[in-house]
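Engineer: I would like the entire structure built from these sequences, with the hints used as guidance.
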Amino acid sequence: MKLSKEVTWWDTDFDRSSLRKYFHKHSISRRNYTSVQIKKVKGSKKWDKYEGIALQKYSSKVQIEEILKRRRTRRVRSEVNITKEILSKLLLFSVGITDSENNYFAYPSPGALYPCTLFLTINLPDFKDDIYRYNPYKHMLEKYSLNTGHYLDEVVIDNQLAKFPLKIFFTSDYQLLEYKYGELSYRLLNQEIGHMAQNISLYAEYLGLNTTCIGGFYEEEFKKYIKEYDLLYVMVVG
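Note that the UniProt record's numbering gives residue 228 to position 228 of the sequence shown, counting from 1, and the numbers run on in steps of one.
Since the hints were made in silico from the structure, they are not lab data.
Note that the structure is a prediction, hence the values are computed from the model and not measured.
We put the beta carbon where it would ideally sit given N, CA and C, even for glycine.
Where hints are given, some of them may not hold.
[Unchecked claim] Pairwise CB distance ranges (calculated):
1) 207 to 52: 36 to 46 Å
2) 220 to 85: 32 to 42 Å
3) 146 to 100: 24 to 34 Å
4) 42 to 103: 44 to 54 Å
5) 58 to 173: 39 to 49 Å
6) 72 to 52: 26 to 36 Å
7) 52 to 150: 46 to 56 Å
8) 53 to 33: 45 to 55 Å
9) 89 to 69: 17 to 27 Å
10) 92 to 32: 34 to 44 Å
11) 42 to 162: 27 to 37 Å
12) 176 to 42: 38 to 48 Å
13) 51 to 88: 42 to 52 Å
Structural biologist: Written out as structure tokens, the structure reads:
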């Protein structure tokens, strides 16, 4: 399909980020405007009936089955205290490098490029009011912006969720990704983020922590302190 005489969908020499930039710009929430109109929807998803094979239902018998069965969105904090050790394990086994010899991560990524970058604010003992960036290659929290962590509470629309002690911001600067995948990049990036968030959710369930995944947030508040990255997803853990 030709866009013009000179440019086609598969011409990798022109700016392949234009569609992503347009969509992202017009799909964010702002304090004075939201692109999402919330409506009450009753009923369930329409499901056309076809003949098929009935599958047996089973009770959970092993730990992984029990964790999968228990996983829920919970909008209140648990009574579990998050220690530095718990946070370290949560990041390592959910979104970190689990095979250091081969640099294999805990989740699949398009072209093994790992374009998603995590930023965190941590309202816990032993942590300062900074914005941290998680570096999986060194398994460390980098002090990205000092004394600004509390400002990112404004990103979370729900005041109750803003009180959770651990907030995880899923971002990307699209480094390498668009060069390789072009217009497909935005779709692939969101798939990667889904893998990461589910890992965090399941490991948090194992630890007895509550989580909520947030799709609607004020990205402009985030951009005041982290300008180089787009914010695509937010999780709160506590």
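Engineer: Take the hints in turn and mark each one as holding or not.
Structural biologist: Each hint tested on the structure:
1. 207 to 52: 36 to 46 Å: Given range 36 to 46 Å: holds, Cβ gap about 38 Å.
2. 220 to 85: 32 to 42 Å: Holds, since residue 220 and residue 85 (Cβ atoms, about 35 Å apart) stay within the stated range.
3. 146 to 100: 24 to 34 Å: holds, 29 Å
4. 42 to 103: 44 to 54 Å: holds, 48 Å
5. 58 to 173: 39 to 49 Å: holds, 44 Å
6. 72 to 52: 26 to 36 Å: holds, 28 Å
7. 52 to 150: 46 to 56 Å: holds, 53 Å
8. 53 to 33: 45 to 55 Å: Since residue 53 and residue 33 have Cβ atoms about 48 Å apart, the given range 45 to 55 Å holds.
9. 89 to 69: 17 to 27 Å: holds, 22 Å
10. 92 to 32: 34 to 44 Å: Given a distance of about 40 Å, which is inside 34 to 44 Å, the answer is holds.
11. 42 to 162: 27 to 37 Å: Roughly 29 Å apart at Cβ, these two residues keep to the hinted range, so it holds.
12. 176 to 42: 38 to 48 Å: holds, 45 Å
13. 51 to 88: 42 to 52 Å: holds, 51 Å
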